[in-house]
Structure formats: structure tokens, C-alpha cells
Amino acid sequence: MPHLTIEYTDNVQGIGTVSALRTLNEALMASGQFREADIKSRAVPIGTFAVGTQTAGRGFVHARLAILDGRAPEIKKALSEALLEALRCICRSDCPGIQLCAEVSDIDRASYSKTIHEPGTPST
Amino acid sequence: MPHLTIEYTDNVQGIGTVSALRTLNEALMASGQFREADIKSRAVPIGTFAVGTQTAGRGFVHARLAILDGRAPEIKKALSEALLEALRCICRSDCPGIQLCAEVSDIDRASYSKTIHEPGTPST
Amino acid sequence: MPHLTIEYTDNVQGIGTVSALRTLNEALMASGQFREADIKSRAVPIGTFAVGTQTAGRGFVHARLAILDGRAPEIKKALSEALLEALRCICRSDCPGIQLCAEVSDIDRASYSKTIHEPGTPST
Chain A
3 MPHLTIEYTD
13 NVQGIGTVSA
23 LRTLNEALMA
33 SGQFREADIK
43 SRAVPIGTFA
53 VGTQTAGRGF
63 VHARLAILDG
73 RAPEIKKALS
83 EALLEALRCI
93 CRSDCPGIQL
103 CAEVSDIDRA
113 SYSKTIHEPG
123 TPST
Chain B
3 MPHLTIEYTD
13 NVQGIGTVSA
23 LRTLNEALMA
33 SGQFREADIK
43 SRAVPIGTFA
53 VGTQTAGRGF
63 VHARLAILDG
73 RAPEIKKALS
83 EALLEALRCI
93 CRSDCPGIQL
103 CAEVSDIDRA
113 SYSKTIHEPG
123 TPST
Chain C
3 MPHLTIEYTD
13 NVQGIGTVSA
23 LRTLNEALMA
33 SGQFREADIK
43 SRAVPIGTFA
53 VGTQTAGRGF
63 VHARLAILDG
73 RAPEIKKALS
83 EALLEALRCI
93 CRSDCPGIQL
103 CAEVSDIDRA
113 SYSKTIHEPG
123 TPST
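Taken in sequence, the protein lines are chains A, B and C. Per my numbering, the first sequence starts with residue 3, numbered consecutively. Per my numbering, the second sequence starts with residue 3, numbered consecutively. Per my numbering, the third sequence starts with residue 3, numbered consecutively.
In case anyone wonders, no lab produced these hints; they're calculated from the structure. Hints are not guaranteed to be accurate.
Derived DSS-like pairs (lysine-lysine); straight-line CA-CA distance at most 25 angstroms [unchecked claim]:
{"id": "1", "chain 1": "A", "residue 1": "Lys-116", "chain 2": "C", "residue 2": "Lys-116"}
{"id": "2", "chain 1": "B", "residue 1": "Lys-79", "chain 2": "C", "residue 2": "Lys-79"}
{"id": "3", "chain 1": "A", "residue 1": "Lys-79", "chain 2": "B", "residue 2": "Lys-79"}
Below, a sample of chain C positions facing chain B; criterion: calculated Cβ distance under 10 angstroms [claimed, not checked]:
{"id": "4", "residue": "Met-3"}
{"id": "5", "residue": "Thr-19"}
{"id": "6", "residue": "Val-20"}
{"id": "7", "residue": "Gln-56"}
{"id": "8", "residue": "Arg-60"}
{"id": "9", "residue": "Cys-93"}
{"id": "10", "residue": "Ser-113"}
{"id": "11", "residue": "Ser-115"}
Think of the CB as a built atom: it goes at the ideal place given N, C-alpha and C, for glycine as much as any other residue.
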């Protein structure tokens with residue numbers, strides 16, 4: 003926790019890199035809500051997509067931040083806006099209709115489990 | 003909003019195309035719930051999968067529709083059924099045990115953010 | 003239902019196989035909560051990722067189990083822990099900072115739809 007997933011259609015540049023993810027992670031760090039090493043982000047390219055029913059040039063970048071439940075609505079809104087602002091700076095496209103969006107979802111805290119894997123051979 | 007994600011195992015044909023996604027988007031449009039340009043759909047092929055613990059020929063197509071919260075249960079059910087019906091028409095497979103499923107999930111409206119990206123060089 | 007999604011960064015071995023997924027499915031079967039053929043699992047490799055803002059060797063494996071709503075918190079916690087224990091046995095990595103995590107999320111039961119696809123040509 004938190005888990006950040008960035009989906010981006012293949013007509014958007016600048017977002018599918020480790021560097022871009024680190025910039026997003028820095029934006030999350032700046033919120034003061036998370037420990038540095040806990041922020042786990044991935045970029046997922048979307049090759050097959052459709053926006054609406056027209057064939058016009060369109061695309062999207064969608065950020066989904068999943069955090070343990072219990073945070074206040076205003077904190078979630080601030081996290082979402084910080085991600086969107088970072089995406090505005092990172093993303094490049096010649097396509098006129100690229101939608102950028104950010105959502106924040108809750109992870110059920112009571113059933114969340116986590117551990118650090120020890121290197122080497124598994125015990126079984 | 004809405005976001006539609008179609009996962010399909012690689013023993014199912016007909017679904018991993020822009021054309022198939024547009025057909026699904028048309029089904030969503032027909033519901034009267036969404037603006038045309040807001041419907042953002044992607045198809046995600048699943049190469050490594052397991053259904054249960056048997057090695058028998060199986061597979062699945064899973065539609066996940068994420069919409070802003072606040073819609074009535076009967077509307078969600080109708081959206082789910084419309085997607086499933088469209089999938090029944092679109093998908094082809096020689097495998098006897100393909101499961102088709104559709105779920106509708108809520109996006110937290112209060113923290114959802116969205117903008118349209120302006121083409122060209124980012125400002126920073 | 004249930005749907006299990008395993009994301010793994012590409013510095014983790016042992017998890018991106020049908021055999022590994024079957025082992026996880028067996029752990030879910032052992033809970034007594036699910037019918038064998040209903041357990042649908044996929045492994046998704048993550049090529050572009052960042053953990054925090056450091057460049058140190060890190061990575062993660064994230065299990066997300068989505069089940070129909072209504073199960074008790076202690077059942078969800080047990081499912082999460084069973085998945086984490088199975089991941090500990092399955093995953094291998096030379097990287098010292100691999101985080102393993104498991105979450106359980108609810109699927110809205112009222113709007114979930116499912117059918118079995120009939121082989122052959124679709125009716126339309």
C-alpha cells in the first residue's frame with residue numbers, strides 16, 4: 003500500500019517509463035500520506051481500446067490509486083488531483099482527444115496481508 | 003467514466019479487437035446512462051491463467067465496468083446483463099468451458115478527477 | 003467468482019506459470035469457500051514499475067482476490083493469509099526488497115452476471 007496503476011493508450015508518450023512513475027511516486031510522497039518504500043507503481047500499455055463509438059482520434063490515461071481504507075474524503079481528493087496534475091506535466095500526445103483521469107479506491111484494511119520476501123530458495 | 007475492461011483468455015476469439023470493443027460501447031450507449039465520448043474501453047489478453055485445479059480445457063472472458071457511484075441497483079444489473087449479452091454474440095471459441103462474466107463496480111465520485119490533455123509540449 | 007489476479011514485477015521468478023496459479027487455486031479450494039471450476043486466476047507480468055523514489059533493487063508481487071460480497075471479515079483475512087503463504091512458497095528472487103501482498107475485494111453480487119459460452123458460431 004499504496005498501489006498505483008497507470009493505464010495508457012498507445013497514442014500517448016512520456017508515461018510508460020520508470021522515470022515517469024518515479025515522478026508520480028514523488029507526487030504521492032509529497033502528500034505526506036505514505037512511506038517511501040511502500041509506494042508500488044506500474045505502467046500498463048493498452049494496445050486495444052475504444053473510446054465511445056466514433057473512430058475519431060482519441061485515447062486516455064487512467065491512474066488508479068488503491069489505498070488502505072479510512073482516509074478522509076478531502077485527502078483522497080487531494081491525492082487524485084496531485085496525480086492528475088503530474089500526469090498533465092508528464093504526458094505528451096499529438097492526438098487532440100486524450101482524456102486524463104485519476105481515481106482513488108479503498109483496499110479493505112482488515113484483510114490486507116503483506117510481507118517481505120527473503121531472497122534465496124523457498125522453504126518448500 | 004465509465005471505464006470498461008475486458009480480460010479474455012487466449013483460447014477465445016473475436017473479443018480482442020477495436021471492433022468488438024465498439025460493439026460493447028454501443029451496448030453501453032444504448033442504456034442511456036453515459037455520454038458517448040466518456041466510454042473508455044480496453045481489451046486485455048490473458049496469456050497465463052488457470053481455472054480451478056483441473057487441466058481440462060477452460061477459459062474465461064471477464065468484463066468489469068467501473069462507473070461513478072450513485073446509480074441504482076437495477077441500473078447496474080441491466081448494464082451487467084447488456085454486457086453479458088453482447089459478449090455472448092461477440093465471443094467465439096472451440097473450448098467447451100468458457101465462462102463469460104460481467105461485474106459493475108463503483109468509482110468514488112468525490113475523489114475522481116478528469117481533464118482533457120492539450121496536444122503539444124507539456125508546460126513543465 | 004472468485005477472480006484472482008497476480009501482478010508480479012519481472013525480477014521475480016516462479017510465479018508467472020500455470021503451475022503456480024494452480025497452486026494458488028488449490029490454496030483457495032482448501033478454504034472450502036469456492037467451487038473448483040469457479041476459481042479464475044491470471045498472472046500479469048509488470049515490465050515498467052517503480053517502488054518509491056529510490057533506484058534500489060525492489061519489486062513486488064500483488065495478489066488481488068475479488069469475491070462476491072457478503073463473506074465475513076475473518077474469512078477474508080484467512081483467504082488473504084492463505085494466498086500470502088502460498089506466494090512465499092512459490093516466489094523466487096535474488097532481489098532483497100521484494101514485497102509480497104494480498105488483498106481481498108468485494109464484487110457487487112446484485113449486478114454480477116455469468117454464463118457458460120456455447121462452442122461454435124455465435125447466433126448473431
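- Query: Out of the numbered hints, which ones does the structure contradict?
  - Reply: 1, 2, 3, 7, 8, 9
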